[in-house]
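Each of the two chains sits in its own frame; use the hints to bring them together as a complex.
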Amino acid sequence: MIEVKGLTKRFDNFTALEAASFTAEPGRVCGIVGPNGAGKTTLIKHLVGVYRPDEGSVLLDGAPIFENPAAKARIGYIPDDRFFFTKAGIGEMMRQYRSFYPGFSQEKFDSLRQVFNLDEKQPLRKFSKGMQKQAAFWLTMACRPDIYVLDEPVDGLDPVMRRAIWGLIMGEVAERNVTVLVSSHNLRELEDVCDKVCIMDKGRIVIEHSLEDLQANTVKVQTVLPQGAELPAELKVLSRSLMGRVTTLILRCSAAEAKNRLSTLNPILLDVLPLTLEEIFIYELGGESDESKKVV
Amino acid sequence: MRVIIQLDYRDARPIYVQIKDGVKRMIATGALAPGERLPGIRELAANLSINPNTIARAYKELEQEGYIYSVGGKGSFVSQETTAADAQKEQAMQRFDSAARELLSLGVDVEELIRRLEK
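Residue numbers (the numbering used here), protein chains in the order written: chain A, 1 to 296; chain B, 1 to 119.
Any given hint could turn out to be false.
[As the list claims (entries may be wrong)] As a list, the in silico DSSO-like pairs of lysine-lysine whose alpha-carbon atoms are at most 30 Å apart:
| hint | chain 1 | residue 1 | chain 2 | residue 2 |
| --- | --- | --- | --- | --- |
| 1 | A | 45 | A | 202 |
| 2 | B | 60 | B | 74 |
| 3 | B | 74 | A | 259 |
| 4 | A | 126 | A | 108 |
| 5 | A | 202 | A | 259 |
| 6 | A | 126 | A | 72 |
| 7 | B | 60 | A | 259 |
| 8 | A | 108 | B | 74 |
| 9 | A | 259 | A | 236 |
[Claimed, not checked] Reference excerpt, derived from the structure (chain B facing chain A, CB under 7 Å, subset only):
| hint | residue |
| --- | --- |
| 10 | 18 |
| 11 | 28 |
| 12 | 29 |
| 13 | 37 |
| 14 | 46 |
| 15 | 50 |
[Said to hold, decoys possible] If you want the footprint, here are the derived chain A segments under chain B, 3+ residues with CB under 8 Å:
| hint | stretch |
| --- | --- |
| 16 | 13-24 |
| 17 | 47-53 |
| 18 | 116-122 |
It is worth saying that the hints were derived from the structure and are not from the lab.
We put the CB at the ideal spot given by N, CA and C, even for glycine.
Isolated chain B, as found in the complex (with noise of 0.2 Å):
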């Protein structure tokens, strides 16, 4: 498979955190199908030119957090129960979270977001 997982490195969040967003990114848009197997960690190491221990950590939250699972010697798969609408939710969650970050650093206050919700 082709790893699309591009790292950002004027973006504040830390190189783990890229790769399991960019693993739940793929989830999300069905690049990565249940079942799946991910790029290891061998092979994605070399292509991000990145410290094959900050994949390992990345996936190993992303099975905590049931995105993945592994399979001994063989290598990390995407979970069946993790639908993609699942994925798709939390991405948007996130795009959410930061938008409301930044309407309230515009000074915008919470009351307003909540009527807003509301509508």
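So here's chain A without its partners, still in its complex pose (with noise of 0.2 Å):
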């Protein structure tokens, strides 16, 4: 298990991280999402170890991972900044990592071929940016880690690849159990790979939750209410706006409350929706403020 608790970065006077805490489990893929500059990446350098804590602790299984090279060997890190050595290709790639990592398998390495497809003498560098991704990728997985760290991990690759990878990794998910902590603007496709989200903003991690619960807590109506219907006090109304005679309401409640609650006042129209992570994303950080419409 990863377990972050009260992480502090300072870069001279700028606060990247912020008692950060949360954990990761084993069997479960943790999402990490946040507005740039958040402090993600921040997060996921001391995740692998680069950076030491100014404040609290970054344990795997129980053991801090800056300068641990036991905890090291169990992490797989695919960084969103690829690197490999000037002129190595693949096959050289391959015996480094062999070197470094107890975990390699020839066999896992072999078995990957037929998904990458790529030439294993050219040097890595004459590579685009999303076959070198691809490489990284096949190198990290032949190492069979218990933590996969993925900083925007399918960035740069074309969609039947993300597809292909995406169901590598939950495959290894299923069948090893591994942990997954991935950090994605692509919310739409962490939906279907996270079973817990942390939102982070300004250097701190606003939520830690479930998905599922997330879903099932928050909900979007369309309603269309008689002429001076008042909303019932009870209910927890995070954002309310008017179009037309259509009033869109998130609610911070079930859809089984929202209707129940609702129908009383006699809607002409009630829809109950189910939000999405990006509207989640956009609610909890006020990105539907004013500000942003101010602009267009």
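Put into structure tokens, the structure is as follows:
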């Protein structure tokens, strides 16, 4: 299990992370989302032991990850910026990975060859960004890590390859009970793969919740209410807007509760819809505020 | 077996519900016969590129509803007693519900629907 407790990181006067805490369990996929500059990559660099925490701790099964080769050997990291030796091809990088990672499996490496179909002799720097990313997955998955830390993992990949790679990772979760931590701006895709999401903002983790609970307890309602109808006071309204006669509400409650409470007002129209992760993100972080509308 | 569950991202239903409905449809149409093994969780997760826990949840609920049963270590199988007719009925009911919802939202009142049913 990965545990982050009260993690704070400052760069000069800038606080990149402030008392961030969360956990990630084996067999679960945890999504890390947040606006640009929220601290996602800084957090990830702590998870893989690149940064030393200023305060707090980052633990794998109870042991700090920083400067701990035993912990790092179990972590597979796909960074957003890929790094390979200048002239190395996949074959040469494979030998590097094999010598560093005790879990490396030649059999796994060979079986992944058919998925990736890349020239193993060509220098990796001659590959496109997407092909380099594929190479990174190929090498990392061959190391059979217990924990995958993925920073914008499918950025730059074509749709077929994105699906193939998510399929492989989901297979690893089901088969080997691996822990996956993934940051992405593609919320649509995260919805399919995550058990839980951590929403970050300004260096803090503002929400850590199972996706299922989050989606079961936040609903969007589109309704046309009779003239002069007042919303029941017990309803927890996150957002309310009126377009023509249609009121759109974001409510913090279950779909059944929203339906029950609003039906008492005899609405002319009442539609209760589940919220997408993207909508949750926008409403939680106030992206629908007047600020963003002023620009247009 | 070929996995014929299709996920529709424009669909408002949560993914686990789409999987449940997909399996029910396969049972209703006979694409899955009583006693037949369902695709394994790992296989389906890799195939659809979705979280295995989501599939496990769908299977668990299908089991509670009696559509399938699981044998430890062997996987999940289509129940014998779930006749195709039952699943088909359930499917038709769902279509009926959504048609009724649509009609109500178009301003047709309940009495009119009842009159139509009695005809």
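Hint check results:
1. Among the hinted pairs, residue 45 of chain A with residue 202 of chain A is consistent with the structure: their alpha-carbon atoms are about 17 Å apart, no more than 30 Å.
2. At most 30 Å may separate the alpha-carbon atoms for a hinted pair to count; residue 60 of chain B and residue 74 of chain B meet this at roughly 15 Å.
3. Between the alpha carbons of residue 74 of chain B and residue 259 of chain A the distance comes to roughly 41 Å, so the proposed pair goes past 30 Å and is violated.
4. This hinted pair checks out: residue 126 of chain A and residue 108 of chain A have alpha carbons roughly 25 Å apart, not beyond 30 Å.
5. Restraint check: the Cα-Cα separation between residue 202 of chain A and residue 259 of chain A comes to about 35 Å, which exceeds 30 Å; the hinted pair is violated.
6. Distance hint between residue 126 of chain A and residue 72 of chain A is fulfilled; the C-alpha atoms sit about 29 Å from each other, no more than 30 Å.
7. The straight-line distance between the Cα atoms of residue 60 of chain B and residue 259 of chain A is roughly 27 Å, inside the 30 Å bound, and the hint therefore holds.
8. Between residue 108 of chain A and residue 74 of chain B the alpha-carbon distance is near 25 Å, which keeps this suggested pair within the 30 Å criterion.
9. A threshold of 30 Å between alpha carbons decides the hint, and for residue 259 of chain A with residue 236 of chain A the separation of about 13 Å falls inside it, so the pair holds.
10. Because the beta carbon of residue 18 of chain B sits about 11 Å from the nearest beta carbon in chain A, more than 7 Å, this interface hint is broken.
11. Given hint, residue 28 of chain B at the interface with chain A, is violated; its Cβ is 25 Å from that chain's nearest Cβ, farther than 7 Å.
12. A least Cβ separation of about 25 Å between residue 29 of chain B and chain A goes past the 7 Å threshold, and the interface hint is therefore violated.
13. Restraint check, residue 37 of chain B versus chain A: the minimum CB separation of about 16 Å is more than 7 Å; hint violated.
14. Interface restraint check: residue 46 of chain B against chain A, minimum CB-CB distance 4 Å, threshold 7 Å, status holds.
15. At a threshold of 7 Å, the smallest CB-CB gap from residue 50 of chain B to chain A is about 4 Å, leaving the interface hint in force.
16. By the rule of at least three residues with a Cβ nearer than 8 Å to a Cβ of chain B, the coverage given for the stretch 13-24 of chain A is violated, with 0 such residues.
17. Coverage of a stretch by a chain is defined here by at least three residues with a beta carbon nearer than 8 Å to that chain's beta carbons; for the stretch 47-53 of chain A and chain B the count is 0, and the condition is violated.
18. Beta-carbon proximity to chain B at under 8 Å applies to 0 residues in the stretch 116-122 of chain A; the threshold of 3 is not reached and the given coverage is violated.
The structure fails hints 3, 5, 10, 11, 12, 13, 16, 17, 18 (numbered hints given earlier, in ascending order).
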